[in-house]
Structures are given as C-alpha cells and as structure tokens.
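Asks: The residues making up each chain are set out below.
Protein chains: 2
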Amino acid sequence: MKAIVQTEEKVTASLQLQEVPTPTLKPGEVLVQVKAAGINRADLLQTQGNYPVPAGASEILGLECAGVIVEAGDTENEVGQEVACLLTGGGYAEYVAVPQGQLMPIPQGYSFVEAASIVEVACTVWSNIGMLAGLREGQTFLIHGGAGGIGTFAIQMGKALGATVAVTAGSAEKLATCKELGADILINYKEEDFADVLKNKADVILDIIGAKYLTQNVKAMAKDGHMVTIGMQGGVKGELNLGHLLAKRGTISATALRGRDNADKARIVRSTIENMWPLLDSKKISHHIDHTLPLAKAADALQKIQDGTITGKLVLEI
Amino acid sequence: MKAIVQTEEKVTASLQLQEVPTPTLKPGEVLVQVKAAGINRADLLQTQGNYPVPAGASEILGLECAGVIVEAGDTENEVGQEVACLLTGGGYAEYVAVPQGQLMPIPQGYSFVEAASIVEVACTVWSNIGMLAGLREGQTFLIHGGAGGIGTFAIQMGKALGATVAVTAGSAEKLATCKELGADILINYKEEDFADVLKNKADVILDIIGAKYLTQNVKAMAKDGHMVTIGMQGGVKGELNLGHLLAKRGTISATALRGRDNADKARIVRSTIENMWPLLDSKKISHHIDHTLPLAKAADALQKIQDGTITGKLVLEI
Ligand SMILES: NC(=O)c1ccc[n+]([C@@H]2O[C@H](COP(=O)([O-])OP(=O)(O)OC[C@H]3O[C@@H](n4cnc5c(N)ncnc54)[C@H](OP(=O)(O)O)[C@@H]3O)[C@@H](O)[C@H]2O)c1
Ligand SMILES: NC(=O)c1ccc[n+]([C@@H]2O[C@H](COP(=O)([O-])OP(=O)(O)OC[C@H]3O[C@@H](n4cnc5c(N)ncnc54)[C@H](OP(=O)(O)O)[C@@H]3O)[C@@H](O)[C@H]2O)c1
Numbered sequence: 001m002k003a004i005v006q007t008e009e010k011v012t013a014s015l016q017l018q019e020v021p022t023p024t025l026k027p028g029e030v031l032v033q034v035k036a037a038g039i040n041r042a043d044l045l046q047t048q049g050n051y052p053v054p055a056g057a058s059e060i061l062g063l064e065c066a067g068v069i070v071e072a073g074d075t076e077n078e079v080g081q082e083v084a085c086l087l088t089g090g091g092y093a094e095y096v097a098v099p100q101g102q103l104m105p106i107p108q109g110y111s112f113v114e115a116a117s118i119v120e121v122a123c124t125v126w127s128n129i130g131m132l133a134g135l136r137e138g139q140t141f142l143i144h145g146g147a148g149g150i151g152t153f154a155i156q157m158g159k160a161l162g163a164t165v166a167v168t169a170g171s172a173e174k175l176a177t178c179k180e181l182g183a184d185i186l187i188n189y190k191e192e193d194f195a196d197v198l199k200n201k202a203d204v205i206l207d208i209i210g211a212k213y214l215t216q217n218v219k220a221m222a223k224d225g226h227m228v229t230i231g232m233q234g235g236v237k238g239e240l241n242l243g244h245l246l247a248k249r250g251t252i253s254a255t256a257l258r259g260r261d262n263a264d265k266a267r268i269v270r271s272t273i274e275n276m277w278p279l280l281d282s283k284k285i286s287h288h289i290d291h292t293l294p295l296a297k298a299a300d301a302l303q304k305i306q307d308g309t310i311t312g313k314l315v316l317e318i
Numbered sequence: 001m002k003a004i005v006q007t008e009e010k011v012t013a014s015l016q017l018q019e020v021p022t023p024t025l026k027p028g029e030v031l032v033q034v035k036a037a038g039i040n041r042a043d044l045l046q047t048q049g050n051y052p053v054p055a056g057a058s059e060i061l062g063l064e065c066a067g068v069i070v071e072a073g074d075t076e077n078e079v080g081q082e083v084a085c086l087l088t089g090g091g092y093a094e095y096v097a098v099p100q101g102q103l104m105p106i107p108q109g110y111s112f113v114e115a116a117s118i119v120e121v122a123c124t125v126w127s128n129i130g131m132l133a134g135l136r137e138g139q140t141f142l143i144h145g146g147a148g149g150i151g152t153f154a155i156q157m158g159k160a161l162g163a164t165v166a167v168t169a170g171s172a173e174k175l176a177t178c179k180e181l182g183a184d185i186l187i188n189y190k191e192e193d194f195a196d197v198l199k200n201k202a203d204v205i206l207d208i209i210g211a212k213y214l215t216q217n218v219k220a221m222a223k224d225g226h227m228v229t230i231g232m233q234g235g236v237k238g239e240l241n242l243g244h245l246l247a248k249r250g251t252i253s254a255t256a257l258r259g260r261d262n263a264d265k266a267r268i269v270r271s272t273i274e275n276m277w278p279l280l281d282s283k284k285i286s287h288h289i290d291h292t293l294p295l296a297k298a299a300d301a302l303q304k305i306q307d308g309t310i311t312g313k314l315v316l317e318i
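Each protein sequence line maps, in turn, to chains A and B.
Residues in the first sequence are numbered from 1 upward in steps of one, following the UniProt record's numbering.
Residues in the second sequence are numbered from 1 upward in steps of one, following the UniProt record's numbering.
If you're looking for bench data, these hints aren't it; they were derived computationally from the structure.
Misleading hints may appear alongside valid ones.
Unchecked claim - Computed, partial: chain B to chain A, Cβ under 10 Å:
hint	residue
1	ASP184
2	ILE185
3	ASP207
4	LEU242
5	GLY243
6	SER253
7	ASN262
8	ASP264
9	LEU279
Quantities reported herein were computed from a predicted structural model and do not represent experimental measurements.
In this text, a Cβ means the ideal position worked out from N, Cα and C, and glycines have one as well.
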C-alpha cells in the first residue's frame, strides 16, 4: 500500500508518499481502507521528534480516520461497513489496522472527511470533561483557547450539557466565533486576567496552557472544582499552592488519549458514541473543516498547522 | 450546660470549663448528651488561631463525639438512641446539636469512648480514598505517616479492600506498628527516598505532608494514579511538573472534611456507615485509644497532642 513515510528525522518537510507493507491484523483488529485522515497538532510534534510513538503502535502518522472495513479479521464486523476510527497511529495511509473497540459509526449526514476529523477531538473532550470531571447542568465551565479545535467542540458540548461556558482567546474575532458557538463569558487573555473575572466560579476547567496558568486556574476554581490539563503550550513546571487547592477541595488532572491501552480506549470510545454521537447526529454540535488535501501533501498540511493559519480542521483525502 | 471555653485568644492553656447556654435546635437537628468527645490535631490548631471556624458552626471545640439523643427535634430519631456524631464543632461540651445526616450508629461492641474517636478518621479516610480516589483490590496504596491516627486506620482499610499497602514513617518502631496492622512495604523516610522505592507504582496516595513531597509523590505515582492531600505538615507551596503528571494521566486532589455543607457531610456519613462500619463491627479494623481524660482537662489533652507523645487517640469523658 501507499503511506506517508518520514525520510529524515525531525524534518517535517521530509514526509513522502512511499510503498510500504499493508498492515497485518492482530486478534480483535479489522483492516480499514482509509478514505480520509484527520490532521492533529500532535502529528506535527511527532515529525519534530517531540512526541514519542507509544510502544507497539504504527510508526506512520495519523490519530483518526474514516473509511471502509475490507477485512473483518476475527471480529463480528462486516466487510463494507463504513466507520470512523480512533487510531494510535497509522492514519496517513491507504490501509490501517484498527482494534474493534476503536471503531465508531459515521455520524448521520457526515462525509468521510467530516467523520475523520471529529473523532480525536470528541473523544478527548468527552473523556476529560464528561467522564473524568463530570461536567453537569448549571455548572460553570472554563475553556482555554475557546476558538481552537478542542475549544470549539468543548463550547458546544458544554452548552448541550447545560453549563455556563466561559472562554479565553487572544482576539475579539476569535471571541466572536466563541460567542456564535454559544459561549456565555468571553475573556480576551491579552487584555484581562481570567482569574479575576472567574474567581472561585469555575467548576470545571479545560486547560491547554499548563504551567503558565496553574496559579490562576486554581484561583478561578470553585469549591469542589476540577481542572484537566491536556496541553502545555505555556510550559510544564509551575508553582502549586496546595493550601489554596485544599481550601477549594480542588482536583487537578493531566491526561492524554494516545498512550492509553486498548481496553481504556474502547471504554472511552463507547462512552463517546453514547453521549456525543447523538449531539453530532442532531447537529447540536457543528464541525468546521478548513480544507482538504490529497495524502501526498501531508508535509504541506503540517506546515500550515505550524504556521497557525488554520481555523477548523485540515483533512487528508485518499 | 458546661462546656470548654477559650478565655484567651491563641492560648491553648486558657481553655476552661464554664457554664454556657445549651444549644437550641435548627430544623433537622437533634440534641445529643455527650458521653465522650474525640480529640483531633485540628482542635489544637483552632486554639492557636490557625484553623478558622466555618461560618455558622459552634465556636466550641470538638469535631466528633458519642452520646445519647435527648431531644429528637423535628427528626424521626428517638430520645434515648445511642449515637456517634460527626461534628462541625461543639463536641467539648455536655450537649451538642447535631444535623441528623451526621449521626452514625455505635459500632458493635464499641464503648462511647471508642465510638467518639473513630468518626473523624473513618469519614476522612473513606471519603478521600474510597469515594474520591476509588481504591480497588490489587492496587498499590501509599500512606504517608502510616503510624499516625489517619495512617493506622488507612493501613487496615487498604488491606480490607485488597490493596498492597506501602507506608512511610520516621522510625523502625513506628514501621513495626504499621507492619502489625498489615502494611506490606515499609519505608523509613529518614533513611530512604520513598519515590525511589515506589517509582511509578502507587495507584493511590494519601498525603499529609504537602509541598515537601509533591515532586516525589508524582514520581511515585502509577499510570492513572490519584494522590489526595489532606495535610500540609511540609508546607503549602511546591513545584508541580504538569508534564510528568500528564505522562501518568495523574490526578491530584486536596480536601478537608470540616468545611463541607450538611448535604455533603450526610453523603459521606452514609457511605462511611455502609462501607466502613461492617469492618468496625467485625473488628477487621481495630482502634487504639491512648487514654481518656475528664472534660475539664481539655487543655492538658491538647498539650499532649502538641508534645507528640501520644500513639492512638485521646478522648475526653463527660
Ligand atoms: N492530551 C490530549 O489527549 C490532547 C488531545 C488533543 C489535543 N491536545 C492539546 O490541546 C491543545 C489544543 O489543541 P487544538 O487542536 O485545539 O489546538 P489549536 O486549534 O491550535 O488551538 C489552540 C488554541 O490555543 C489558544 N491559545 C494560545 N495561547 C493561549 C493563551 N495564553 N491563553 C488562552 N488561549 C491560548 C489559541 O488561540 P489564540 O490564537 O486566541 O491565542 C488557539 O485557539 C494543544 O496543545 C494540543 O496538543 C491534547
Ligand atoms: N483534611 C482533613 O479533612 C483532615 C482530617 C483529619 C486529619 N487531617 C490531617 O492529617 C494529618 C495526619 O493526622 P493524624 O491525626 O494522623 O496526625 P498524627 O497522628 O499526628 O500523625 C501524623 C504522622 O505524620 C508522620 N510524619 C511527620 N513527618 C513526616 C514525613 N516527613 N514523612 C512521613 N510521615 C511523617 C508522623 O510520624 P513520624 O513521627 O514517624 O514522623 C506521624 O505519625 C494532619 O496533618 C491532620 O491535620 C486532615
């Protein structure tokens, strides 16, 4: 089969379409012919040598895709079934082996391109905010980077669950996007300190900044608040005042999806289908694709992520 | 009624037995004639001005007691019922008003003295380790200060739940006590670094040290680990490496029991009765009283806590 191969270590531009062996199936896996593969910032980090591939995973890039089952292996799935897939790697290719627990239906009315690019963000946001932090109706939900890929999904999910949604972003334009998606409290982090605006009010915080916001996030936290860090765009080492955290009975988690084992991923995929797919099927959560490129243009696609010129998702079509 | 009153701010020795008004009942409360009142380190901190009394709580010391209901108020309890009580204050007295959700049965075969001094530790350890961190069979449970009041209960609970229990303590003698109670891994923190011994192994950590152990606790944490800080004997401000926490998908909570509202306390009390009382009734968890003193000797009792010469619990008899 054809797949994207990195020919020079740490050089994103060295990605090339090459002939490689088609994956063979392990027990419990199906072979999917990839029609579209979603692009994530983590892919860029991986090409730069900053995101180690988990043991046993494909060396090929790509954390999500959509396509058609062409071999069902020892599973009860059917050849010809159209699926969206959460991957541990391998999406930038014509074929990928997928553990059956990571198969998802295509949301109603979704194209392969749309389906391929909603999986990672839906599983990430739901597993952290729904399953781990347990966001409930009436709570206040603070989202950092509200206009980003994670943020735009999180805003809509928060509103669907009945939360008051607060967001941070770096421009009036981005905050307008957040407002359109339903955000209630808009904070331009270049002009205001979000911790002053939300002091003791945020029941759940979705953080992508890390160290730089740690003290402020604890300040913004409400009693019994829960902050989940999934990105560290503002560094890893911060000062934590455990006394302040204790005064709020607060909780801080930091998680990632990719390194989880198959059973854990299957648990998350099941819960995401159950809780998020109805919101996609009924268009309560909308999904924005910036544009698509052919598989061979993977290097160009990651360059655009690097440049930061994209709003919404980039997708490779195969 | 007679109760212990502090006559000089921040002076523990100024505690005196005085005549004060008997409490009047709010809706949902009963009046308990106190037979025994447990003593906690927090009481000492309160006399020193380092533990603010939550709004609306009694100014009188005492977070736990046992006794007999003498007025049932508007509740369905009965006069004459013998009860153990989780208090927000007021235990160092002849009578105390108790919200009905904070009443517990006297464990089988327990005296008032024994019952009065097991409530706070049982509710604290179970709410944090059972309810919040969800300790399960087969997991590794690290307890700091294994020979302390919290630690001795936590060891036995951990073993009853089927966990492997690791403890830290400052002497061979204290570690021997921990071993007798069932601890599997004994670490003298003056001689060894617990984070080296337990690197990546601790699924649940009960921490009473705070800042000083923060980095080491994250190092000791296993994948999906959960640390709960309930004391800060080693300071409040520590450095947190969120990257290390994320690599483990780790969670850090810091909590306290006293500031919770009545509904939250009732939830904890219910779950503690359901899950811990059978272990007390069947003597799977044993409970050690150092000695008892009359109510009038409260100042002496707190002085002994200060001196650190007590192993097990001190109790006031009324
Ligand atoms: N752990 C996981 O499992 C997992 C999974 C998926 C994604 N992630 C991580 O989550 C993060 C977001 O992913 P994404 O796909 O949404 O990326 P994205 O689309 O590039 O969005 C990032 C957003 O961060 C905002 N931002 C930058 N600095 C900020 C600051 N100081 N305060 C508030 N917002 C700020 C940017 O908005 P402005 O231009 O307005 O600043 C941008 O909208 C990334 O770090 C990614 O690696 C983690
Ligand atoms: N948040 C809450 O709701 C709540 C409720 C109850 C208690 N607490 C807190 O929990 C803590 C323990 O309470 P307790 O009643 O068990 O007190 P305790 O009986 O005095 O026990 C404290 C223990 O800490 C140990 N210790 C001191 N320094 C240590 C170190 N560097 N490493 C490991 N162990 C160390 C001591 O043992 P060595 O002599 O061997 O050092 C001692 O056994 C206190 O800080 C208390 O305020 C909090």
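Asks: Hint by hint, note whether the structure agrees.
Replies: Here's how the hints hold up against the structure:
no. : hint   : in the structure
1   : ASP184 : 26 Å, violated
2   : ILE185 : 24 Å, violated
3   : ASP207 : 9 Å, holds
4   : LEU242 : 5 Å, holds
5   : GLY243 : 4 Å, holds
6   : SER253 : 4 Å, holds
7   : ASN262 : 14 Å, violated
8   : ASP264 : 8 Å, holds
9   : LEU279 : 25 Å, violated
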